[in-house]
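From just these sequences and the hints, can you work out the full model?
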Amino acid sequence: ITIPVTQNYKSFGLTPMSLSFEDKSSTQSIAIETDGTWTASTTDSWISLSPNTASGNSVLMVTVIENTTNSSRKGSISVTMGDKTIDVSVSQKGKYLTINNTALTYTSRGGAINITISTNDSWIARTENNSTWINISQTSGSGTANINVIAVDNPSVNSRSENVIIETPHGQNVRILLRQDARYLTI
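Quick note on numbering: our numbering labels position 94 of the sequence shown as 94, and the sequence is numbered without any gaps.
Treat each hint with caution, since some may be false.
What follows is a list of derived Cβ distance ranges for each label pair [claimed, not checked]:
#1 T63 - T2: 49 to 57 Å
#2 G143 - G82: 42 to 50 Å
#3 N129 - T63: 41 to 49 Å
#4 R126 - N158: 21 to 29 Å
#5 K84 - S45: 25 to 33 Å
#6 I3 - I65: 52 to 60 Å
#7 T102 - S41: 44 to 52 Å
#8 S45 - N146: 36 to 44 Å
#9 T2 - S76: 24 to 32 Å
#10 R126 - S29: 25 to 33 Å
With a Cα cut of at most 27 Å, we get these calculated BS3-like pairs of lysine-lysine [what the hints assert, rightly or not]:
#11 K93 - K74
#12 K74 - K95
#13 K24 - K10
#14 K10 - K84
#15 K24 - K93
#16 K74 - K10
#17 K24 - K84
These are computed hints drawn from the structure, not numbers from a lab.
Don't be surprised by glycine CBs; every beta carbon is placed ideally from N, CA and C.
This is the structure in structure tokens:
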């Protein structure tokens with residue numbers, strides 16, 4: 001006589017299988033569907049998990065600290081139930097700072113030129129040598145901004161130049177070279 005024996009297995013699944021974060025500190029969740037007990041772990045110091053273990057259907061909260069570097073980073077989370085492990089990939093963007101124009105040229109009469117600052121960080125704008133002939137419409141901010149760099153009239157027969165520096169608290173900076181023509185006389 002043969003007696004069939006059937007045993008149900010434990011179910012186990014995760015959603016989503018990857019997480020993508022901006023540069024700031026933030027939290028996302030992973031839905032864990034199981035009728036067993038699971039544990040979660042990571043070896044990446046910038047990722048924290050809560051809870052680390054639970055039974056049954058649960059939500060795993062994944063928190064990343066702010067990425068203050070210029071580079072994106074990748075990590076992983078391992079969720080294990082019994083002899084099965086599922087890995088979740090984690091990525092986080094780094095800081096960036098770009099501008100749309102790195103050299104500005106003014107006539108001797110001066111004027112305003114618009115610059116677009118693109119960043120996901122706070123920033124300050126200043127002249128390198130504290131020149132009084134350059135005015136900046138906005139000297140600090142956070143995130144993307146449009147600013148005007150204004151040169152006043154140059155009454156001299158000598159041209160002049162200055163650098164405007166846009167910098168973030170995380171070590172990024174961009175130099176913008178400003179040149180202004182000299183006054184001239186045509187006879």
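Discussion item. What's the verdict on K24 and K93, does the C-alpha distance respect the 27 Å limit or exceed it?
Written reply: Measuring from Cα to Cα gives roughly 9 Å; hence the hint holds.
Worksheet item: How does the Cβ-Cβ distance of T63 and T2 compare with 49 to 57 Å: does it lie in that range?
Response: Holds, since T63 and T2 (Cβ atoms, about 54 Å apart) stay within the stated range.
Discussion item. Holds or violated: K74 and K95, Cα atoms, limit 27 Å.
Written reply: 14 Å, holds
Discussion item. Please check whether S45 and N146 have a Cβ separation lying inside 36 to 44 Å.
Written reply: Once the Cβ atoms are compared, 38 Å apart, the range 36 to 44 Å for N146 and S45 holds.
Item to complete: For the pair supplied as a hint, K10 and K84, confirm whether the alpha-carbon distance does not exceed 27 Å.
Response: 10 Å, holds
Worksheet item: Does 42 to 50 Å hold as the CB distance between G143 and G82, or does it fail?
Response: Between G143 and G82, where Cβ atoms are some 46 Å apart, the hint holds.
Discussion item. What's the verdict on K93 and K74, does the C-alpha distance respect the 27 Å limit or exceed it?
Written reply: 9 Å, holds
Practice prompt. Starting from the hint 24 to 32 Å, judge whether the C-beta atoms of T2 and S76 obey it.
Written response: Distance hint for T2, S76 is violated at roughly 46 Å.
Practice prompt. Measure nothing beyond the straight line between the CA atoms of K74 and K10; if it is 27 Å or shorter, mark the hint as holding.
Written response: Since the Cα atoms of K74 and K10 sit roughly 31 Å apart, the hinted pair is violated (cutoff 27 Å).
Worksheet item: Taking 52 to 60 Å as the hint, is the beta-carbon distance of I3 and I65 inside that range?
Response: Holds, since I3 and I65 (Cβ atoms, about 57 Å apart) stay within the stated range.
Discussion item. Is 25 to 33 Å respected by the C-beta to C-beta distance linking R126 and S29?
Written reply: Given about 42 Å between the Cβ atoms, the range is violated.
Discussion item. Between the alpha carbons of K24 and K84, is the straight-line distance 27 Å or under?
Written reply: 32 Å, violated
Hint violations for this structure: numbers 9, 10, 13, 16 and 17, all remaining hints satisfied.
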